[in-house]
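Going down the list, the sequences are from chains A and B. For the first sequence, the positions run 0 to 82 when numbering that gives the first Met the number 0 is used. For the second sequence, the positions run 0 to 1079 when numbering that gives the first Met the number 0 is used.
Rather than coming from a laboratory, the hints here were simulated on the basis of the structure. Any given hint could be a false lead.
Chain A is faced by these chain B residues, among others (derived, beta-carbon under 8 Å) [unchecked claim]:
no., residue
1, ALA193
2, ARG215
3, CYS255
4, LYS256
5, THR294
6, ARG296
7, TYR298
8, VAL339
Ideal Cβ placement from N, Cα and C applies to all residues, glycine included.
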Amino acid sequence: MLITPTDLDSRIAQYATAEFVDSTLIQEAGLESLSLLRLAVEVADEDAEIDAVGLVDVRTVGDLKVWLISLFPKDADETGAAC
Amino acid sequence: MLKNTTAPGAADPTLLPLTNAQKGLLVVDSRVPTREIYNQIMQFDLDPRLSDDAVDHALAVLVTVQPALRQVFGHLPRMHSRFTPPPETGHVPVERVDVPPEEYAAAAEALARRLGQRPFDLATGPAYRFGYVRATDGSAAAILLCGHHLIGDGVSTGPIIRDLESALTSKLTTEDIETLREARESAFLRELEAQNRASGSPETAEHVKIWAERLRNVPPLVLNPRPGRPEETDFSGARLSWLLGEREASDFQETCKRLSVTPFVLLSAVYGAVLARHGGVSTVLIGSPLSARRTVRSYDLCGFFVNTLPVTVDVDWSRTVDEHIAGTVREAVDYCRGRVSVTLDQLVAGVGQDRTSNRNPLFSCMLAMQDTFDGKSTGAVVGVREPGNGTAKFDLWLGATKVESRWLLELEYDRHLISEAVADALLASLRTALRRTLADGTRPLADLFTDWITDGDLPGTAVEPADAGRPAPVPAGGLAEWIEQAARRTPDAIAVEEPLRNLTYGELLAAAGRTADGLARQGVTPGQVVGLSLDGLCDTVIVMLAILRRGATYLPLDTSLPWERLAHMVDQAGCRLIVGRGLGLPGTRTTGLAELSVPGAGPRAVGGSADSAVYLMFTSGSSGVPKGVVMGHRPLLNLAAWQISAMEHDAATRFLQYAPLGFDVSFQEIIPTLVSGGTVVSREPADRRDFPALIRRIEETRVSHVFLPVAALRPFVQAARRASARFPGLRRVCVSGEQLLVDDEIRRFFADHPECVLVNLYGPTETNAATVHEMRGDDARWPAHAPIGRPLPGVAAYVVDGTGHLAPVGVPGELHLGGVSPADGYLDAERTAAGFLPDRFSGDSASRMYRTGDQVVRDADGTLIFLGRRDGQTKIRGYRVELGEIEAIANTAAGVRQSVAVARGLGADRELVLFLAAEPGADPDHTELQARISAALPSYMSPSWIFDTDGIPTSRTGKTDREALTALADRLITERKTNAATTAVEYASDLERGLAAIWSSILGTDSIARDRSLIDYGAHSLNIFTAFAEIEEEYGTRVPVPEFFRSPTIATLAELVRASLAEDARNARDADDAEGEARA
């Protein structure tokens, strides 16, 4: 499943309560902690682990996208968690 | 229900591992008697049109597809859980309630309570139960789920609601349900394994080490501090709540955006500030459950997947609110979020706190965000909330729940530890603080709070003036005139009584008049300071009155003080004339009373005025020199007026004069008595420390009022008991000087004297007595830690907390005394400015208040309780000692780089210990230092022990760690005593050996040398009395105390005992002879 940057934006938009660009701060976009985890659950491999520690450094929507991308499922012959 | 039938040791695949958090909770659960405190209740408001069948089916499905609900727990072979089989429809425990619509809300509440109050059997299960409440007109319905915390957490709400909705709308087939069940059970196990992997990793271990170090020195937060606060609790709780208004809710959201913080950070920041204010601390640990979920699939699971971790909120009252939130607290929260694999039990073990009570380790307050349900339901579930169940797991729990985009804040408190009034005060602070935060984040943190004002009045809630009917009119001419008015009314009444001399009011008036003229002739002008060092109470009172009549100020000079100190006092005071014994102090002349009383020509003394200062008394100063307190008329006129009324003074009053004149208590013994026309009775010939003699004197003289230092109260009642003495005329026993601790012995005395009231007075020299608390023999229960009570009329008592505001109920703060009570000031203007501040609470720019340095707390009815001090001031047997004064002297000794004095021991056994850090290569001479101290300071300020130390320990904040030194002192002293015990001591006789044994047991030390002062071993005025009582019992003879003080050694004591026995024998023979003669 390939998720494009545009896909990410539209997914994020479903949880955001305000307009945003990559440099928008998370709280300014109206994204709550729960929403961030929900997003992670949506994009990550079902068998993956999400290390919420990574969320601590997520300040902007841009940071969020980087973090989400790191959770994307790997190729089929790779197993293992995305952190 | 399956039982655990696996043979121990065999690996059973149906056993699930537990996470550390689960293990911790399981252990704690098994230890508390009120296990229902871990019951959690969720209420799901439903679309009321759903049928009963639909609901039944949905509940069974929910339990099937959420395996956490089907857990049961066991301890052997190791702690584990297992899933019980899914229930069939209709076999899920549900309590159904159908009520008329007007009773719906109450019924739902009651149902929640019922569900929550019964504990669960975690071994057999189920660990959940449901409730279903419906309004009979179909207007409302709700499902309540009560489960043990082990099976669910905050994030579980979402998955439960999603599954409930699917189940209620019948979207799932039987196959779907079975597939889902298997997948969920597998996911559950995977999540447990993932969490255990994370918390067991080396990285986590490293985090624990560093974090534990940071936590180790945070002082505990104690809300509603008071002596005797229960160590254990029964976990009963109550809740207060506050739903934010719409405007407030949107401001809340705006503020979070502006500062770029989550609601959790904002609430932690404000809650932390509130806790810091109410607990009187500057660092607070708030326990908060943080989601520790790791696997993606776990987000569909209900389960206990949180780690509750302490968020450290450092409070700097001068920092701005915005900085506090976006800087300090955000970092603190991120610190926790970055270490969420750490479990609480690991931290507790790392910090190494000992858990001796059933209180929570590490933190006593918690913040739980219930924002895990965003309210966007598709229809079946229209709302969710979590009612309380009348218990409290923590001293204070703050829950924040999103209700229709507004925050509902609920404060749940432990009723055993926190009273309703204190809880109300906490909520009020929280409200004000949050509102102010949202309004203006640029203000300093301290400004989030306001002065606590009850009933529209400033909380100086004064004692009701006792309505004994005679308001004493206070004349403008001051105390002298007031006393003279009384004297003229009853000139033949006795004003002062000594064993060999009585002084009538007429005589007092005449003598004082002559003496005042004499003072005038000697050049004393109004406003000057005259020293007083006379023997004899009559003479002393005459001269006191004469000085007041002259409009001058009297300075008591205790001749037992070191000469150096007296010289300093008179020099500071500008005192040129001393009436009494020749002291040879530089710059002064001494004159006798006889000289002054000679009638002669010269200026006649005017009547004195209320504008002049009455007395000058010195008190210990921290910088090494004592401070002279100049006490004016106004506070004393007020005090005397109150006392006359409250203590029922009249012409029949007979007040024992016990206190040294240099103690301000002497004022209360003498002046109000004279103003009332009563009699001041000398304690002579009894020595102050000779309690049996005092008891005899009190019996003989039938005094009605006695004022003792707190330290003397126990010896006093004990001596009374041993002598089987009763005092039918005694009406008041007043005490002051330090914290009064009441025990059964003291209570018994007052129960035996039902006409006598125990009056606990409090007030530093800078205000004289300012607050009072009375205890009567028939009071149902006397508190062990006696309160200092309420302020006197005219006195304002302000409790100022860490934020600089007037403290609410239950919040500790520094006591400031204002109103009419403050003295004029110190002799030193700089110190006056530092200690006597403008009273910013009174609204009157001219009034002042004295900052006492005493920490107090006010309880719900306004009574003040003394908590202690935070600085280097302490009381030794009632004497005020500034440790700094001793250190200042010690620092002048050769070779001493730094010195620290500490006080150790309790009550009468409190003693001073001095630590010396030497200059490199130096070896300070302890004997020489002790001599230096004795030459400069009063005897009670002499350290009992002096130790050398390599370095002075400092605390986290860089200040001298007196606590550590006190602990060190305890160890070193125990060591010394033990070592002393092993050295053999020689005694000259069996008598000496026997006396040494008595002292040994009292002083807790062996090997007392026969010719060394017992004072060195810890003997003091109070345990001496105990020793003498035992000596009397053992040897059958009474040894005079004053003789002993001249040379307080075992050898001398033996001499005295022998002499006393010999005298007793002689007296007995004489009596026999006389009897024999009479018969003959």
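Q) Does the CB of ARG296(B) sit less than 8 Å away from some CB of chain A? A) ARG296(B) check passes; min Cβ-Cβ to chain A is 6 Å, inside 8 Å.
Q: Using 8 Å as the Cβ threshold, decide whether ALA193(B) counts as touching chain A.
A: Because about 6 Å separates ALA193(B) from the closest Cβ in chain A, which is inside the 8 Å limit, the hint holds.
(Q) Less than 8 Å between beta-carbons is the criterion; does TYR298(B) satisfy it with respect to chain A? (A) holds, 5 Å
Q.
VAL339(B) was flagged as interface toward chain A. Is the shortest Cβ-Cβ separation under 8 Å?
A. holds, 6 Å
(Q) Please check whether ARG215(B) passes as an interface residue: C-beta within 8 Å of a C-beta belonging to chain A. (A) violated, 24 Å
Q. Per the CB criterion, is CYS255(B) less than 8 Å away from chain A?
A. holds, 5 Å
Q) When the nearest CB of chain A is found for LYS256(B), is that gap smaller than 8 Å? A) Holds, about 5 Å.
Q. Does THR294(B) pass the interface hint, meaning its C-beta sits closer than 8 Å to a C-beta of chain A?
A. holds, 5 Å
Consistency with the previously given hints fails for number 2 only.
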